[in-house]
Amino acid sequence: MKQILSWALDTAAMRGASYADARVADDRSRALATKNGKIGSASDSESLGIGIRVIADGAWGFAAADDLSRAGVEATAAKAVDIAKASARVKRQAVRLVPEKAAIADWTTPIRIDPFSTSIEQNLELLFKIDAELCGVAGVTLAETNLNFRKEESWFVSTEGADIHQTKYTTGVGYAAHAFAGNEIQKRSYPNSYGGQWQNKGYELIEELRLLENARRVGEEAVALLKADQGPEGVFDIILDGSQLGLQIHESVGHPIELDRVLGMEANFAGTSFLTLDKLRTLRYGSDLVNIVADARQEHGPGLGTFAYDEEGVAAQCTPIVSNGLFTGYLSSRETAHTIGQNRSGGTLRAENWNRLPIIRMTNISIQPGDKPLTPEQLIAATDHGIYMETNRSWSIDDKRYNFQFGTEIGWEIKNGKRTRMLKNPSYSGITTEFWNSMDAICSQDSWVLWGTPHCGKGQPQQVMGTGHGASPARFRKVKVGSAYRGT
Amino acid sequence: MLTQSQAANVFQRLKKHSTADEIEVLFYGGRSALTRFANNTIHQNVAEENVGISVRTAFDGRTARASTNKIDDEGLRRVVQASENLARVQHSDPDLLAMAGPSDNRQSAGRPSRHFEQTASITPKERAEGVERIVSIAEKNKLTTAGIFATSETFEGIFNTRGLSDWHTQTSSEISVTMLGGDSSGWQKANAPNVDQLDPISLSQVAAEKALRSNHPREIPAGKFTVILEPAAVLDIVGFMFFDYGGLAILDQRSFLNGRVGKKLFGQNINIWDDVAHPLQSGCPFDGEGVGRKKIQLVENGVVRRLVYARATAAKMKASEHGASVGHIEATGHGFPVPNEMGEAPMNIVFAVDGKTNTIEEMIGSTERGILVTRFWYIREVDPYEKIMTGMTRDGTFLVENGKMSDGLLNFRFNESLVHMLSNVEAMSTPVRSSGEESFDMVVPAMKVREFNFTEVTKF
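Top to bottom, those sequences are chains W and A.
Using the numbering used here, the first residue of the first sequence is number 331, and each one after it goes up by one.
Using the numbering used here, the first residue of the second sequence is number 10, and each one after it goes up by one.
Just so you know, the hints here were simulated from the structure itself, not pulled from any lab data.
Each hint should be verified, as a subset may be incorrect.
As the list claims (entries may be wrong) - Calculated lysine to any residue pairs in the SDA-like style (CA-CA distance at most 25 Å, straight line):
1) K468(A) - L613(W)
2) K24(A) - L378(W)
3) K498(W) - G84(A)
4) K79(A) - Y815(W)
5) K368(W) - R227(A)
6) K233(A) - F446(W)
7) K754(W) - E395(A)
8) K368(W) - H124(A)
9) K151(A) - K368(W)
10) K79(A) - Q333(W)
11) K134(A) - P121(A)
12) K609(W) - K233(A)
13) K810(W) - R227(A)
14) K754(W) - L427(A)
15) K459(W) - N48(A)
16) K327(A) - Y349(W)
17) K808(W) - E228(A)
18) K468(A) - T658(W)
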């Protein structure tokens with residue numbers, strides 16, 4: 331690979347690039363799925379190519395191709411420089427990168443069981459057993475399971491001397507039961523909706539999740555929802571389970587702290603952010619209990635945002651985002667860090683694959699658990715009247731990340747410290763900072779889980795990225811509930 | 010770019026590595042480029058070239074797929090082996106059909122050319138010049154602009170061992186422009202196979218006018234309003250219902266059309282077709298199995314008439330309890346590559362407006378009090394059977410009073426049922442090819458809709 335990468339850098343430099351980096355990525359994935367006792371999908375995929383990013387005449391160019399022959403790589407590098415020179419026709423100022431010491435490194439996701447070494451028969455057998463459990467519940471009309479593995483190997487070099495080889499493994503697994511009757515469709519998922527739980531782990535993730543043990547309960551809950559009471563409308567105290575809180579963090583913290591959005595670079599598609607630069611270290615984002623970090627380091631856990639180096643060669647870091655409620659940090663890159671007075675990138679530039687330009691992405695954006703021991707049961711016991719909501723069903727937020735609305739698959743009314751009747755179609759909405767300032771309790775480390783969000787979309791052309799979100803259940807006071815169904 | 014004859018050669022080489030009963034190979038790829046600008050500067054500028062193949066093997070009721078972009082002999086051997094390894098270990102499925110044959114590939118309409126040399130040969134410099142024109146309009150109006158100018162030349166092909174083969178090439182071009190003021194914004198987008206049909210200046214001027222007219226937006230309380238939805242707003246919200254028009258969605262009982270096919274669900278004025286050959290449409294004329302796409306009327310005068318079917322779904326539907334109540338059943342050429350969980354969907358939507366059409370200006374003129382929506386954003390499904398969608402307005406939301414467009418408004422959140430919305434359409438414009446951000450391109454009209462349900466207001 332080094333030979334291929336050197337062709338790219340040499341050609342870019344010879345054509346006039348003042349900076350160049352090149353990344354070869356070899357990507358392998360497997361997707362297995364069942365539906366109502368039959369194979370839903372069974373597919374393997376491989377993709378290999380090179381992406382070359384250059385600065386010439388003070389502007390960016392990027393070209394990518396699957397042709398790794400010498401002629402192919404040199405043509406791609408020359409194209410990147412031509413594109414950069416065209417970019418320079420419409421520029422206000424030259425691109426400026428904050429310095430980064432060139433790293434030479436080799437890193438692999440620590441895994442116990444290589445998922446691609448496991449037997450396909452064994453994988454399908456597990457999915458079919460879960461499928462049978464779900465279908466065995468009277469009233470379940472559709473059962474779906476999925477199992478996904480990915481291995482991403484990449485080689486990164488730059489004209490500054492970086493030389494980084496990384497291999498990342500990802501495993502994802504989940505299932506869902508649907509129940510249709512009359513004029514209603516209800517659904518329950520496990521361990522989370524939209525594909526389940528995803529982490530940078532090997533097959534050991536599958537073994538840890540007690541998938542089969544939970545299948546019958548999940549099917550029964552889907553059917554029970556058909557006869558449950560409609561979630562109420564009004565203002566309530568709510569408790570969110572960790573997976574829903576993870577998505578709440580993703581949408582109302584993770585995206586608005588992306589510095590490219592703040593600077594207007596995503597204005598046409600993903601949008602901008604309410605977190606204008608004047609709000610850094612002045613905005614009270616949440617209550618004193620809210621402590622959120624962006625942490626890509628291995629010691630944070632096996633999140634989908636865990637790596638050793640980002641895709642411009644900057645080492646993984648932990649950035650305090652919200653500290654005791656105060657807004658303290660953005661996600662940054664070498665191009666953007668100087669706008670917040672930083673002389674080093676936060677290390678968050680990531681690309682979906684070899685054919686995409688790296689852009690600022692979430693790493694693992696996690697809320698820290700409470701210091702004092704508190705279980706979800708104790709939190710419910712300490713709540714007079716409220717609603718416990720679990721597992722996301724719908725999510726939407728405006729393009730500056732102020733107004734949001736979430737629906738969950740299931741809810742339960744809490745009365746006098748006890749979980750009582752089941753509620754269907756629960757939803758809540760609010761304004762980001764008002765919501766986070768209403769958080770008055772969060773469970774402790776024992777119930778903290780690093781959830782994976784595997785399909786976050788951003789950029790043009792759009793890129794899909796996996797992000798991690800550690801969270802434990804938390805309580806929010808006086809939240810608007812139920813407006814998703816108001817007037818419909 | 011890979012040609013059909015080169016692909017045929019790859020197929021011949023690939024077959025030698027397989028012991029499967031049947032083999033199908035899909036080819037996809039091409040060249041694409043996207044020039045992206047923000048803050049009146051080109052800040053990202055990318056190009057990509059790739060060739061991919063996806064191989065399906067089948068053995069006696071077992072099938073699986075493997076994909077790669079490594080098409081040397083070793084790559085072909087590996088991809089065939091991966092597909093066979095996945096297929097062989099399955100239990101045999103008696104419902105798995107033999108692969109489609111040449112007779113399945115017949116198409117009911119001619120194939121309009123969707124490949125334009127001027128799009129295929131555009132250079133980075135020419136795209137930059139287009140951006141320069143957009144930026145000059147922003148600067149003239151003291152606005153900041155962001156957007157894209159993208160072009161591509163792509164191919165899709167299919168070969169299988171039953172003798173079916175087909176090939177499609179097309180070009181695509183797209184401009185999306187956002188104009189930003191201090192507290193307002195405007196947006197426009199267009200997409201066409203022929204880049205000469207895109208007008209960056211006109212798009213920029215309209216986006217700029219929206220940004221200027223909506224500055225210092227007013228807040229008015231949420232509630233039910235008559236809305237005038239521009240075509241992009243219409244396509245982005247209605248796009249969420251078309252995956253329910255596949256037969257497999259009915260069989261899976263995950264469609265909002267379960268129990269509703271053949272019944273009047275929408276207003277009398279709603280007529281919807283799927284028609285890949287429509288002159289304003291684009292896309293491939295055959296589906297993931299090589300079956301030719303047929304023109305299908307999905308909705309006639311508000312009644313859901315037809316669904317679309319992959320071959321296997323059509324066979325299952327005929328034998329199912331639903332078979333007698335879903336109208337005519339046949340493979341329509343809308344299937345996704347096999348095996349898959351979704352079955353099929355119509356992806357070339359064309360709204361037909363019978364009778365009188367109204368321009369957006371006429372809709373405004375006939376509205377005593379309402380809201381004009383340029384675009385929706387972050388639309389998600391709240392309720393799968395009532396098809397309640399939530400989302401936000403964005404980039405140009407205006408109050409309409411006494412027949413005139415007046416102030417810009419703070420953006421709203423809506424929670425609205427598509428069944429309700431398409432039952433309350435009071436007027437429509439002539440359908441146009443339109444492009445949004447949340448759904449696929451369609452031929453849609455602007456719509457004037459009564460009692461559209463806004464539930465909250467945001468802060469900008």
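Quick rundown of the hints versus the structure:
1. Proposed proximity of K468(A) and L613(W) is supported: the alpha carbons are some 16 Å apart, at most 25 Å.
2. Of the pairs offered as hints, the one joining K24(A) and L378(W) holds, with about 22 Å between alpha carbons and a cut-off of 25 Å not exceeded.
3. With a C-alpha separation of about 22 Å, the suggested pairing of K498(W) with G84(A) holds against the 25 Å cut-off.
4. At roughly 50 Å between alpha-carbon atoms, K79(A) and Y815(W) are farther apart than 25 Å, so this suggested pair is violated.
5. Proximity of K368(W) to R227(A) is assessed by CA-CA distance (about 55 Å); at most 25 Å being required, the pair is judged violated.
6. Straight-line distance between C-alpha atoms of K233(A) and F446(W) comes to about 54 Å, which puts the hinted pair past the 25 Å bound.
7. This hinted pair checks out: K754(W) and E395(A) have alpha carbons roughly 14 Å apart, not beyond 25 Å.
8. Proposed proximity of K368(W) and H124(A) is contradicted: the alpha carbons are some 40 Å apart, above 25 Å.
9. With a CA separation close to 60 Å, the supplied pair K151(A) and K368(W) exceeds the 25 Å bound.
10. Only pairs whose Cα atoms come within 25 Å are accepted, and K79(A) paired with Q333(W) is accepted, the gap being roughly 19 Å.
11. A distance of roughly 30 Å separates the Cα atoms of K134(A) and P121(A); the hinted pair therefore is violated under the 25 Å criterion.
12. This hinted pair does not check out: K609(W) and K233(A) have alpha carbons roughly 35 Å apart, beyond 25 Å.
13. With a C-alpha separation of about 23 Å, the suggested pair K810(W) and R227(A) falls inside the 25 Å cut-off, and the hint holds.
14. About 21 Å separates the Cα atoms of K754(W) and L427(A), which keeps this hinted pair within 25 Å; it holds.
15. Distance restraint check for K459(W) and N48(A): the Cα-Cα separation of roughly 54 Å exceeds the 25 Å cut-off, and the hinted pair is therefore not satisfied.
16. Distance restraint check for K327(A) and Y349(W): the Cα-Cα separation of roughly 62 Å exceeds the 25 Å cut-off, and the hinted pair is therefore not satisfied.
17. A hinted pair counts as satisfied when its Cα atoms are at most 25 Å apart, and K808(W) with E228(A) qualifies at roughly 24 Å.
18. For the hint pairing K468(A) with T658(W), the CA-to-CA distance comes to about 23 Å; that is within 25 Å, so the pair holds.
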